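**Student:** Here the protein sequences line up with chains R and X, keeping their order. Position 12, counted from 1, in the first sequence is what this note's numbering calls 12; the numbers after and before it change by one each time, with no gaps. Position in the second sequence counted from 1, then plus 114, gives you this note's numbering.
Keep in mind that the hints are not guaranteed to be accurate.
Unchecked claim - Within a straight-line C-alpha distance of at most 20 Å, the following computed PhoX-like cross-link-like pairs (lysine-lysine) qualify: (1) 101/R with 169/X; (2) 58/R with 68/R; (3) 169/X with 180/X; (4) 101/R with 178/X; (5) 68/R with 49/R; (6) 169/X with 128/X.
Said to hold, decoys possible - Coverage of chain X stretches by chain R, computed from C-beta distances (three or more under 8 Å per stretch; other residues unrestricted): (7) 126-140; (8) 176-190.
In short, the hints are calculated from the structure, not lab data. The structure presented is a predicted model; accordingly, all values stated were derived computationally and were not measured. Beta carbons: idealized from backbone N, C-alpha and C, even for Gly.
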Amino acid sequence: AQSVTQLGSHVSVSEGALVLLRCNYSSSVPPYLFWYVQYPNQGLQLLLKYTSAATLVKGINGFEAEFKKSETSFHLTKPSAHMSDAAEYFCAVTRSGNTGKLIFGQGTTLQVKP
Amino acid sequence: GAVVSQHPSRVICKSGTSVKIECRSLDFQATTMFWYRQFPKQSLMLMATSNEGSKATYEQGVEKDKFLINHASLTLSTLTVTSAHPEDSSFYICSARPNNQPQHFGDGTRLSIL
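All chains should be built: construct the whole structure from the sequences, respecting the hints.
**Tutor:** So, in structure tokens, the structure goes:
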């Protein structure tokens, strides 16, 4: 079985500060991992994905994530937060490539303070 | 890029009404689409996998007769909430997969049953 745990349901940072959103996964097979962002009353937008190639993955809007097998983690980071980054972030895992069912974490609300 | 269109974006109706939500893949064909339900401040819960030309696969605990899914073409899947009641009020999101790409999500439908 696969699962995803996002540590911290709410993260608050100042504008310009480092953003770190934590995600740990559990999987009996090599996982494919994703980060999605959701703005209010909208669907999900893919930020980045890990598909067993490079362990450091760069995504859109300056975000990146590093796959660490030893720590079963896939934390999302951004060097400098913008006000527009305030949103809900979801980590997700799937087992059968890009096309399998996604299992989502609980979500982390990112607040950016001016 | 791949676009998934969901309609309507918001529905308000009386208890006992049946409501149909459409999910379209605009620039690609999708043999499989997914339907999710999201409660406020919570993660996405997969309801069912919609398969073109065959029956949908429902997740455990999801009532097939309450949530009817039809995937009659390669670009359209519909979710019908039958005899909706206030407890069915939620945010419903669909997704579809372009060839070997991660799931792309619609913008969701806010369903409010009075």
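**Student:** Indicate, hint by hint, whether the structure satisfies it.
**Tutor:** To see whether the hints hold, each was checked on the structure:
no. : hint             : result
1   : 101/R with 169/X : 17 Å, holds
2   : 58/R with 68/R   : 15 Å, holds
3   : 169/X with 180/X : 15 Å, holds
4   : 101/R with 178/X : 19 Å, holds
5   : 68/R with 49/R   : 14 Å, holds
6   : 169/X with 128/X : 29 Å, violated
7   : 126-140          : violated (count 0)
8   : 176-190          : violated (count 0)
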